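Residue numbers (the working numbering), protein chains in the order written: chain A, 1 to 467; chain B, 468 to 708; chain C, 709 to 911.
Calculated directly from the structure, the hints in this document are not laboratory data. Please read these numbers as outputs of a predicted model, since none were measured by experiment. We treat Cβ as the ideally placed atom computed from N, Cα and C, and that holds for glycine.
Every beta carbon over 12 angstroms from chain B, so not counted as near; a handful from chain A, in silico:
| id | residue |
| --- | --- |
| 1 | V37 |
| 2 | V54 |
| 3 | G127 |
| 4 | R276 |
Listed next, with one range per pair, are the computed distances between beta-carbon atoms:
| id | chain 1 | residue 1 | chain 2 | residue 2 | range |
| --- | --- | --- | --- | --- | --- |
| 5 | B | E572 | A | E80 | 45 to 55 angstroms |
| 6 | B | R690 | A | G440 | 16 to 26 angstroms |
| 7 | A | A40 | B | E560 | 30 to 40 angstroms |
| 8 | A | T179 | C | G837 | 31 to 41 angstroms |
| 9 | A | G348 | B | E572 | 31 to 41 angstroms |
| 10 | B | E572 | C | P870 | 42 to 52 angstroms |
| 11 | B | E633 | C | Q811 | 44 to 54 angstroms |
| 12 | A | V172 | C | G837 | 32 to 42 angstroms |
| 13 | A | R65 | B | R690 | 55 to 65 angstroms |
| 14 | B | E626 | A | R401 | 45 to 55 angstroms |
Listed below are the residues making up each chain.
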Amino acid sequence: MTSRPVTFLSRAEAILGTREAQSVDQGMRHLTEMRDVAVAEFPIMDALRDRARVIRLHALANLDRLLSHFADQVIEQGGEIHFAADAEEANEVVARILEATGSRLVVKSKSMVTEEIELNAHLERRGIEVVETDLGEFIVQLAGDTPSHIVTPIVHLDRHDIGALFAEKLGVVETVDPTELNQIARDHLRQIFLRADAGISGVNIAVAESGSVITVTNEGNGRLVTTAPRVHIALLGMERIVSRWEDASVILEVLARSATGQRLSTYTNVVTGPRRDADEDGPEQLHVVVIDNGRSQILGSDTAEILACIRCGACLNVCPVFRTVGGHAYGTVYSGPVGSVVTPGLLGMEPWWELPYASTLCGACEEICPIRIQIPSMLLKLRARAAAEGRLPGWLERGIRRYTTTVYTPTKWERAKRLAHWITGPISRDGWIRRLPGRGSGWTAYRDFPRPARESFNTWWRFNRGS
Amino acid sequence: MEGPTVQLVVTCLVDALRPNVGRATVTVLERAGCRVEFLAGHTCCGQPAFNVGMLTEARRMAGHTLDLLDVTQGAIVLPSGSCADMMARHYRELFAGTDREQQAERIASRVRELSQFLVDDLGTDLRASCDGCLIAYHHSCHGLRGLGLRHQPEELLSEVAMAELEGSDECCGFGGMFAVEMPAVSAAIMNEKLDRIEASGADTLVGGDISCLLHLEGGLRRRNSKITVQHLAEALAGNEQ
Amino acid sequence: MVATLPRPPAVPELLPDLEAVDVVGLFRTRAQGESVVVHGPVGRHGVPRAVAGIAAGHGCRAYMAWEDLPVPGVTSALTGAGVERVEHRVPNEMRIPHQTEYQGLDLGVTGADAGLAESGSLVLLHGEGRPRMASLIPEVHIAILDANLIERTLVHWAHRHPGLVFETANMVVVTGPSRTADIEQQVRLGVHGPRHLHVVLFR
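Between the sequences and the hints, there should be enough to build the whole structure, so can you do that?
Have a look at this one:
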């Protein structure tokens, strides 16, 4: 017996109707409401979105020059720069830096790209302890779970889940009070921050002119991770860069508003090199790791525009499919509308070709995106690529082909309509069908299907109006 | 006095499943002063094939559509935001860089969704009427976000009692082939939409796209709802058809 | 040889005018909305007393401060209020033992290089005499801000001060006390950074 491959649909079906699904839906609606309020309040938001799009597309069009300048500046400011072609190289670079600096305990702030390359697992295999400090990521790590949303990683868990988890793993008295839960996490992690040998962070946006890396957090862990330990390693996807600090400020103004409805995140942390000689504190060493891992290939493809994404998560929050099934259904690091475009590019069409089909193409993502990225159009391009590669299921391809030939020939179409009406007589009542056989049963499992009309519009027109 | 001549493209779903919507569209256009022409032999704009990525088949159907329409004059009117969007926007992409590029451009620039044509082009004072109804309006996604339709259906419905429908501009979950490829997810989105429609207190659901409406109506029937469903053209045409 | 860095096309109407407002008033409203306690504007001479008062109100025992606070007399006022100053320079050697002595630190006093009215934010440029930890480790952070340094938004401020990014290894824009909403989307303060943020405005 061959087992069914795990698909988006099977993962989605496992989540539908569960408490997790409900939490996700409520969470996403809340974030979208907050975003709408913040945008309505800020009169220059639309102008800044237009500008943000110009800035990001310009950066992608000039990426090699920006990265080259950025690299020079990182060195000029006293840091070290490393370019990694793929996940393996990036992981190896980080492991070697940590080993060379004798770093055994590492604190980490949230970074999608480190999840993409599976950095933690690689470091753990080298005997390095990595502690996630972003509260949601800390909880995910503790639970051995995976994040279900790129910005709010534990939207699928509630206070009871977390209370039980802390009691089990941290040996504290079980509580479900969120204030107490936060205090437990703060106390536990505070010790670790101040004792850690190295800090690893992601980068929300890098600035080419100064070699700066910017991280935004609400909790303060982004600051602690990049300030307390003697070594700071910052990792970024090579596309996460703008030309100048003024350009970064535009991105920052639209980022938090789109993500959570905050005007700015609590801490916008701009790091330009390691600690300077006269500085009172800060890391001695800064290493910046710029990662390709498939991005240059996407850059040269018809979905290049997806690299303009600033990872705000708004498209996830507003997507009817994401709201209904949550991030786990996508089965990979980048979920939702942006994930459906970028994943086939980064991880290949097999098996990720089906993600672009997990969409109704409603366009809400494009409408909400602060960079006005044309996601539906890229989903269609990826669907065309999948079809051209012969990935569509046989029944679908045959069905469409048959439909095309039938509908293309008026006499065939007329005959098909008459036949459809006649054949559905026995299974219809009041013009509706409760159960269709075969492929149609997917429809009628959930809703009635209309019986084809006795007299089509074409026929009516011919007999009543036309020559 | 004769008004403009328009080419009616009813869409394959209306043709086969809901011809009454086509008849209502004719009635409405004629009442608005138009001379309606309909091409025998026109069938599908190619959206189903385009939607799944089968571009060869999409181009075949679209090419057939272009050829038929290219020998006609006047606005091309469709009682469907999604098909109008397909023809007005996606035909350009589909044929960019091919020998049909100009033709696609010519046809695309003539395409109008029904409410768009009535309100923006004709400035009609036709209004829907429905005595004693409380109507919930569903804004279909392609019409709303693809073509920017919002005030047009609202104006045409300005003389009927409208229910406050939360999430009226949220997707119904149909998504074309999505409904067939991912039925459970499509239905979950549909059910959330139907919960909101029922909560609005409306007794009638009206929309501009029969694709969304058949999906929602099928769901309403499954939950034994008393809510009736009408296409905007039917609400405008009233009982005379 | 450093290549010329391409920049996105300049546009005249990049930052459309916002309706004129009293930026100090807007700053106060927005900062308070982010759970910041805003004091003043007081005269320069009123600042030390205000700071000492806040410290006493929180029962602070030990503080860390920037060397170049924008007004004099703050450190003596704190000493007078019985709050002990701790050494803030972190040596590269013995970093960890030094930092683990932060346990008792409950107050950080800093200046601020700008205020941003729209978001109620502070801009802190760290460096010589200005430890980052002062606004990060303690439960209470007091920032002393010259009200004349308040600008409208981050984008306006950044466009007016383009070169600032080169001047410091660490520039931080602070918008309220530390918080998280990861647990059930409910906002809670005081996660890894300060739980209480006070801004003492002066003219």
